[in-house]
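Trainee: Order-wise, the sequence lines are chains C and H.
At position 78 of the first sequence (counting the first as 1) the number is 77 in numbering that gives the first Met the number 0, and the numbers step up by one without a gap.
At position 116 of the second sequence (counting the first as 1) the number is 115 in numbering that gives the first Met the number 0, and the numbers step up by one without a gap.
Check each hint, because a few of them may be wrong.
Not close to chain H: a few residues of chain C, all C-beta gaps over 10 Å, as computed [what the hints assert, rightly or not]:
| # | residue |
| --- | --- |
| 1 | Gln10 |
| 2 | Lys21 |
| 3 | Lys43 |
| 4 | Arg54 |
| 5 | Val77 |
| 6 | Val85 |
| 7 | Leu87 |
| 8 | Ala88 |
| 9 | Glu91 |
| 10 | Pro127 |
| 11 | Val133 |
| 12 | Tyr167 |
| 13 | Asn171 |
Simulated restraints, written as ranges between beta carbons of each label pair [stated by the list, open to error]:
| # | chain 1 | residue 1 | chain 2 | residue 2 | range |
| --- | --- | --- | --- | --- | --- |
| 14 | C | Pro90 | H | Glu217 | 44 to 50 Å |
| 15 | C | Pro33 | H | Arg85 | 46 to 52 Å |
| 16 | H | Gly16 | C | Asp71 | 22 to 28 Å |
Keep in mind that the hints were calculated from the coordinates and are not lab data.
In this text, a Cβ means the ideal position worked out from N, Cα and C, and glycines have one as well.
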Amino acid sequence: MTSIMVSRIRQKQIAQLIGSGKRLDGRELNKYRPVQVETGIIEKAEGSAKVRMGRTEVMVGVKIETGEPFSDRPSEGVLTVNSEFVPLASPEFEAGPPGEESVELARVVDRGVRESKAIDLEKLIIIPGKKALVVFVDVYVLNHDGNLIDASALAALAALMNTKVFKYEVKNGEVIKKPGFTALPMRNHPVAVTFAGISGKLVVDPWLDEEEVMDARLTISFGEDGRICAMQKGGTGTLTPQQVVEAAHIAREKAEELRRLVAKR
Amino acid sequence: MSQTTVLVSEKGIRTDGRKLNELRPIKLEVGILSNADGSAYIEQGKNKILAAVYGPREVHPRHLALPDRAVLQCRYHMAPFSVEERKSPAPSRREVELSKVIREALEPAIFLEKFPRTSIDVFIEVLQADGGTRGAGVTAASLALADAGIPMRDLVAACAAGKAGGHLVLDLNDLEDKEGEADVPVAYMPNFGAVALLQMDGLLTIEEFKQLMDLALEGCKQIYGLQKEALKAKYLAIKEEAEEVEEE
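Based on the sequences and whatever the hints tell you, model everything.
Mentor: Here's what the structure looks like:
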């Protein structure tokens, strides 16, 4: 850990550079760090993926179990997204119940998947109102160097696309697993793009040092058809309506770029 | 989800009789809780929400104190009886997230640097929920902050716009929120043209989103007017009371 004085000077430098259209790590304002996607890395999970975005590393595991559908959605399977800031990922993370940041991360990832109708949940119902497949998406942050939302959303998408569902039959109301698997029924491929507002400008994919300087954060998730499926403003600063619309146009392009990284496997 | 619900009639009238760009009736009251340093109450449609502010006061837990400014703490909470099916009083993940985004919406309006080493605590209790509670909560909380005499750059006004029954509509009610296609809650500081809270769920083209944000901002401006009236009303009431005493 650098001393507070050094980091203050660095923060000022980051903000000043962005004000003049440059970034301390040499990236253009609208450029992502190098992104790598790996899938199928946890054999015990029905689906898994790891995304590296610069030095940020996030793993997502998908587990599928049988459970009960929600009473207000009796003909659909269940999706739950959870996130863990494991203490090995950052000196700032502590063990214990999930904090605000972790809950927000999980809910933003969840919103992208749910609102884009990425998973065909109706195909996951076994007995309406009684039994359904439950898709657990667990986001595991392994190394925090900023922009956890985009890395997690991309890892979640890659993991879901990689998820296999066990075959089963129903006998006397009981679900019995059979040998063999089918792919998880997917209908859309949502991708999140996050901006940091620094010195009145928006930069894409902020790394940790930039996040410490940013006053506002904006995440926009896009489905495959170019429609927005989720948004979240964070941070204690504000944005102008014009900035938001501008960001939406940039984000749509960036979402395409990121989606290609997942699709080509 | 019932596919048969008609959210907007052929004449462009909504289930509660409103036009597409019409807010629900809003009632605002300021200074209604005697123990709090500042308080406000809002009714927006069937929403009934209380907001209270305590502080600047000592920070609990103490290690959260900041040497150069106040910390703003915020709790958005729904009463167990506020919704159709009893809600467990323990904070849900939704409430944790909303507490965060509401705090981040109020923070830019407050001169926190005037009160180092203290805490300003905002409590929002949803007594009855009818869609758009986070917006109504922000509207009430910002009035409660003003009522507590905390110096502010501007009031924060909030409301949502969304897509329901294929139409772009202002200030979604519970039914439109649940059965509609998209929801865009916005909080705004009109004096600065600054968006302080922005979320969205559903499916929208960029153009639809832009129109909805503009619609929501118009709603915020109307609510801003009501907020200022409500603040003035409190002091007018005090003035009248004082005058009556003088006459005696």
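Trainee: Indicate, hint by hint, whether the structure satisfies it.
Mentor: For each hint, the structure was consulted:
no., hint, verdict
1, Gln10, "holds (15 Å)"
2, Lys21, "holds (26 Å)"
3, Lys43, "holds (26 Å)"
4, Arg54, "holds (25 Å)"
5, Val77, "holds (15 Å)"
6, Val85, "holds (18 Å)"
7, Leu87, "holds (23 Å)"
8, Ala88, "holds (20 Å)"
9, Glu91, "holds (14 Å)"
10, Pro127, "holds (14 Å)"
11, Val133, "holds (17 Å)"
12, Tyr167, "holds (26 Å)"
13, Asn171, "holds (30 Å)"
14, C/Pro90 - H/Glu217: 44 to 50 Å, "holds (46 Å)"
15, C/Pro33 - H/Arg85: 46 to 52 Å, "holds (50 Å)"
16, H/Gly16 - C/Asp71: 22 to 28 Å, "holds (26 Å)"
The structure agrees with every numbered hint stated previously.
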